[in-house]
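Trainee: What follows is each chain in one-letter form.
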Amino acid sequence: MSNAKMIQSDISSVLTLQEMAEIDHELEHIPYKSGAAIDALKIVQAGRGWVSDESLQAIAKYLDMSAEELEGVATFYNLIYRRPVGEKVILFCDSVSCWISGCDSIKQTISDTLGIDYGETTEDNRYTLLPVPCLGACDRAPVMMVGDDLVTHLDDNKISEIFASSKAGDQS
Amino acid sequence: MEKVLTRNIEPGKAPTDMAAYEANGGYQGLRKAMSGMSPLECREVVSASNLRGRGGAGFPTGMKWSFVPMDDKCTPGHKYLVCNADEMEPGAFKDRLLMEYDPHQLIEGMILSAYCIGADLSYIFIRGEYVVAIERLRQALVECYAKGYLGDNILGSGFKLDMYVHPSAGRYICGEETALINALEGKRANPRAKPPFPQVSGLWGRPTIVNNVETLCNIPHIIERGAEWFKSLGVGEDAGTKIFGVSGRVKTPGCWELPMGTPIREILENYAGGMQDGLQLKGFLPGGGSTDFLTQEHLDLAMDYNVISKAGSRMGTGTMIILDDQTCPVGMVLNLIRFFAHESCGFCTPCRDGLPWTRQVLEEIEQGRGKTEDLDTLEYQINYIGAIGNTHCALAPGAMEPLQSALKYFREDFERHISGSCCPYHSGKGA
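Taken in order, these protein sequences are the chains called A and B.
Sequential numbering of the first sequence, starting at 1, is according to this note's numbering.
Sequential numbering of the second sequence, starting at 1, is according to this note's numbering.
Treat the hints as calculated values from the structure; they're not laboratory data.
None of these values were measured; they are calculated from a predicted model.
Glycine residues also receive a C-beta, built at the ideal position from the N, C-alpha and C atoms.
Certain hints may be false.
Claimed, not checked - A few chain B residues facing chain A, derived, Cβ under 8 Å:
(1) Leu161
(2) Ala169
(3) Arg171
(4) Arg188
(5) Ala189
(6) Gly248
(7) Arg249
(8) Pro253
(9) Trp256
(10) Tyr271
(11) Met275
(12) Leu279
(13) Leu375
(14) Thr377
(15) Tyr380
Unchecked claim - Examples of chain A residues lying across from chain B (beta carbon under 7 Å, computed):
(16) Ser12
(17) Val14
(18) Tyr77
(19) Cys138
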């Protein structure tokens, strides 16, 4: 993060009133402001999809902590996105039970269908593909999440159905 | 067998709300405790029940609680009860069931546990991906406040407790209790040095208990029906029931509540339906991705903590992962080591560097570029980063468990990869 070059923008010009109200709500049961760091990152991300440098600096300032420290927190966690993501994030489980059940070939089908690999977003900005630690649905493997929805018993047909309108190369 | 933890959970049945939970005897444990049992009396019942932690380590719950300073031995301030609902062990899927389908059972268990240790604030630290469970728990908390089961002066007892659902931002290491506490404090989830133990100095430096979901779900029943009843549920050495699970290529993967001490063979054959047609059992991890492989010869062992330990593994979460004879054991171990290497918090060198090194060696072997001396490198890693004390926490030693036991039971498979310069399974799943 090139924070040295970033202008320390006024918090209120970056964070919305609602975001600040939600962060304040978390702070009601947290004794130190920095204790709400992860909550604040999640609150901002919920509305914006990701956490930009500008957002990160504003949150850090709001919580009286250094941007560097907050960056260390933000990049530690799998579900805080420091780069833009698509409208829905595909959290693809590649842990052991899904692997035994053939998730590698399912992942290949997703990549072929959407034209993206891990960490990439489709051109129409609808999906970002990410691996995720075991999703805790091993009896229904292979599984993934698309946005908030858990999709189980994956096979190639199911992948085609789910992503029917978002095929790689489609110019829709 | 009497269903305890899953008495409200049946396939196709809607999740229980307050009305349904109470209609089936819910909150009777809480009512019993609030109308005349002291925290110490409640704690003594839990200690006498021999309940052991269901999150993986199997530490006696009553003993864990006994280290929390009580009354005038505790400096003024908050005490915390935290539910570890960060289910992320590869192959574990039991807590999701308990939270999604019977959220009030967990909450009643937490209220009682908080009462036992004198906590006034409690958190359900749950992985962010469990969106359905998060929603249902939040709804259940609203119902509890409306009923007077949470808040000031619970059921007129004078006991005060607030409870929050805290969705995590995701990392496996958050399941380690001191890492979880750091995450709750808004920090990177690096585990803390122990001592001090959380019971004395945990969240915000205050006494804190962290218990697993399934552990806490047992508490209302133990308080309501007593220690002797709970002990009588087990069919082996250990007390109570357990949610056992099976995943992998069996006929009917799933999880079921069974008595502690149920033989492995019964779980695999009667409940998981045996192996899928055309497949043979080659081995299994009895309690999740960080437990040692066991094999055919162990099928008649009872799923009890000490029995599984004596066989060289751990009961862990009680959710087994099955390796069949057409899945590559090297590939399976590589998948697990990749997971642990990715999830290392990076704090200590043996784990941060040792796990990726181990992964690289396994990749070479799986892809047919392995050399005989690579097996020595793996042995070296097992002895070095697998030893408790060489690493900051138990993540890397846990990661070595499936590897060391795979080398013990399936060494021929590693050697065939090296001598044949390819993966003999050609399953299309490898590397």
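Trainee: Would the stated hint for B:Arg171 survive a check requiring a Cβ distance to chain A of less than 8 Å?
Mentor: holds, 6 Å
Trainee: Mind checking the CB of B:Ala169 against every CB in chain A and telling me if the closest is under 8 Å?
Mentor: Status holds, d = 4 Å.
Trainee: Is the interface hint for B:Ala189 satisfied, with its Cβ closer than 8 Å to some Cβ of chain A?
Mentor: Nearest chain A Cβ about 7 Å off; hint holds.
Trainee: Min Cβ distance, B:Leu161 to chain A: is it shorter than 8 Å?
Mentor: For B:Leu161, the interface hint is violated, since the closest Cβ of chain A sits about 12 Å away, which is over 8 Å.
Trainee: Identify whether the interface hint at B:Trp256 stands, where standing means a beta carbon of chain A within less than 8 Å of its own.
Mentor: Hint on B:Trp256: violated, closest Cβ of chain A at ~10 Å, above 8 Å.
Trainee: Are B:Pro253 and chain A close enough, Cβ to Cβ, to be under 8 Å, as the hint says?
Mentor: Holds, about 4 Å.
Trainee: Would the stated hint for A:Ser12 survive a check requiring a Cβ distance to chain B of less than 7 Å?
Mentor: violated, 22 Å
Trainee: Is the shortest C-beta separation between B:Arg249 and chain A less than 8 Å?
Mentor: holds, 6 Å
Trainee: Does the CB of B:Leu375 sit less than 8 Å away from some CB of chain A?
Mentor: violated, 22 Å
Trainee: Under 8 Å, Cβ to Cβ, is where B:Met275 needs to be relative to chain A, so tell me if that hint holds or is violated.
Mentor: This interface hint is violated because 12 Å lies over the 8 Å limit.
Trainee: Are B:Arg188 and chain A close enough, Cβ to Cβ, to be under 8 Å, as the hint says?
Mentor: holds, 4 Å
Trainee: Given B:Gly248 as an interface hint, is the shortest Cβ-Cβ distance to chain A below 8 Å?
Mentor: holds, 5 Å
Checked against the numbered hints above, the structure violates hints 1, 9, 10, 11, 12, 13, 14, 15, 16 and 17; every other hint is satisfied.
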